[in-house]
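Start from the sequences, fold in the hints, and give me the full structure.
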Amino acid sequence: MQKHIISLLVEDHPGVLTRMSGMFTMRGINITSLTVSPCEQDGLSRMTVVIDGPDSVLEKVRKQISNLIEVVRVIDLAENRAIIRDLCLIKVHVRDAEDRSTVMQLSETWGAKIVDATLDAVIIELTDEPRRIDRFVDLIKQFGVKQLFRTGVTAIGI
Amino acid sequence: MRKEKVKLTGAEIVVEELKNEGVEVAFGIPGGVLLDLYNVLYGDDTILHILMRHEQCAAHAADGYARVSGNPGVCIATSGPGATNLVTGLANANMDSAPVVALTGQVLTAAIGTNAFQEASTFTITMPVTKHNFMVKRTEDLPKVIHNAFYIANTGRKGVVLVDLPKDVLATRVEVDLHQRETFAGYKPRTKPNKAQIKKAAEALANAERPVILAGGGVISTDAAEELRHLAEFLGAPVVTTLIGKGAIPEDHPFSLGMAGMHGRIYANRVIYECDALLALGTRFSDRLTGWQLDQFAPDAKLIHVDIDAAEINKNIQVDIPIVGDAKLTIADIIKSLEKKKRADMNAGKGKNLSVWVQRIKEMHSACDECIKDVGRTGSSISDRFIKEISAILDDNAIVTTEVGQCQMFAAHYYITKKPRTFISSGGLGTMGFGFPAAIGAKVAAPDRKVLDIAGDGSFLMTCQDLATCVENDIPVVVCIFNNCYLGMVRQWQELFFDKKYSHTCLGRTTDFVKLVEAFGGYGERVEKPEELKDALHNAFASGKPAVIDMIVGWDDKILPMIPPGGGLTGMIGTERCKNI
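Chains Z and B supply the protein sequences, listed in that same order. Just so you know, the first sequence maps onto residues 83 to 240 in our numbering. Just so you know, the second sequence maps onto residues 4 to 584 in our numbering.
Treat the hints with care, as some may be off.
Claimed, not checked - Per label pair, the in silico range of CB-to-CB distance:
| id | chain 1 | residue 1 | chain 2 | residue 2 | range |
| --- | --- | --- | --- | --- | --- |
| 1 | B | Arg184 | Z | Lys195 | 45 to 51 Å |
| 2 | Z | Gly104 | B | Trp295 | 24 to 30 Å |
| 3 | B | Phe500 | Z | Ser119 | 50 to 56 Å |
| 4 | B | Arg184 | Z | Ser119 | 25 to 31 Å |
Source of the hints: derived by calculation from the structure; they are not laboratory data. Here the structure is a predicted model, which is why all the values come from computation and not from measurement. In this text, a Cβ means the ideal position worked out from N, Cα and C, and glycines have one as well.
Right under this line is the structure:
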């Protein structure tokens, strides 16, 4: 199993997302993450899809997705040839002043921002490569994570 | 481009655009949300509307019409059950890459998603069974949507496009430009093959000592039969076909070895195994063709795969020389390249002698031919002889459609097809009930030609209500039922692979098919012996009515030889009667 980041340029029409995800469903492939947003061209959107699967199957799916009428371009982004980012929002429990200061210090070291704070919790925002976010989340877990949100990967080729 | 604004209702725009696309026939059934559309069709004499009795048949008829005429077939169904009934027919056409445009009614745009009366989410339901589909939200969009529907259905790898039309979109009157067009940046079907790949393919074929051509549906849909025959003769290569490719080469041609695959001819499969270069044209290497032991599929061959759909390359079979392109253009280019090479080789005093291979092909051809042409000889069963009779009686232009199962494979194996677009069968989806409505579409496309459906008693009952359509609209197709009172193909598998436990496959003999067709107002006759078929068929065609011939065949008839499930091309069973050469 290998992780793939597929970048799609698609027509901004209703149903495009269903068509695209339907292709993965048909092949029994699970989508790990998915982002959709407008892009530099009017009427088109960009999707970044992260999936796990054998290379051989993914190559077939990539071609079938290229066949969709509303898909303009499909690129399988190699990790070392792309800038890859994920955004994470974490609400962390802080029991006391010591916890609070450790969490704040760690956040600063990792380049994360404290975006909200209450008496017993802080909300941290971190934008980074998914792998670094994984590590940060692992680290912060010991304080007690109340909620965790990740946007999923967006990526741009270099 | 002309620019003129006119004030029309959505329904009027749809009909105008259908005419612009050259549509002459539509198969459909009206309904509540389609009243506006049918109001425009009332009294229209440009588009012949055939009122069907079931929407599935409307889709199959459009499919049959498309395969025979080469033009997109059109079917119309109302919202909800009308649309869901279409689905099987759409999936069938799309699997076999037949160009079909389906128009469906939809509830008011404001009511969509509220479980309104006769509402179904046609757009999402049909997404996986169409090449593309549209849900029209604004009447102004109709001209470009209808145009694109036909453009997409009939270009590249052909397929089904559905347009979902909400009631208010059809009823609203707007000022529109009927000639507005819009293209999809992501849809650029590639038809012209790559020159470097053509050169490689020509080289591989020219260097081969045992070249073989495998012709699929792409050869038929691009009308490349002439080019194919020329290439086969030029190369000294035998042609085997897929089920959908049947008719790509006249099957009485000495280089034709018939259909390959699970129920193919033994020598069609053998040459695929023996060849050292295989040129596969417009085929997707379905499992029914390749078998399941892929190491027996052209193991020693340079594999050249020509397909218009890039997604088919290396999907089911890994190939050596992929060519993305239209079969007709590609064959023409390969011939040119080969001719050039041959001239150069002749000048250099080189050139290969394929006479041993050609001799072997001719022997293989006649070994099967004896069995297939000899009307008096019973092969594995009496059913063979009925097909041989049909083959002997029908002329070269007659169109044969088939249902699915044993009757279909008997037809594929024994019916000698001489021309493209004269053998119409449900390949990919394997839809029982396809043949009869497809015959309706075929007869409408070619009213002057004989159209005959090779049916089973099981499949015919799935769509037989459209006998009423035939009688009402004077569409005299002939249905030959291979009546074995079983779901024969399943029964055959139960006999061979499931210890003869005939679980729920016996249909019984209580249905009187002669009375059935007579009740509809058609002509019926029963025959019990193959030699009686000639007169019965004569009577059926002479009656000028839709007709059913109930042919009593053996309950335990089997279509053999076959590749058993899990087997490969060299592992056919039931080959005892096959001549060994």
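Do the hints match the structure? See the list:
no., hint, verdict
1, B:Arg184 / Z:Lys195: 45 to 51 Å, "holds (50 Å)"
2, Z:Gly104 / B:Trp295: 24 to 30 Å, "holds (27 Å)"
3, B:Phe500 / Z:Ser119: 50 to 56 Å, "holds (53 Å)"
4, B:Arg184 / Z:Ser119: 25 to 31 Å, "holds (29 Å)"
Checked against the numbered hints given earlier, the structure satisfies every one of them.
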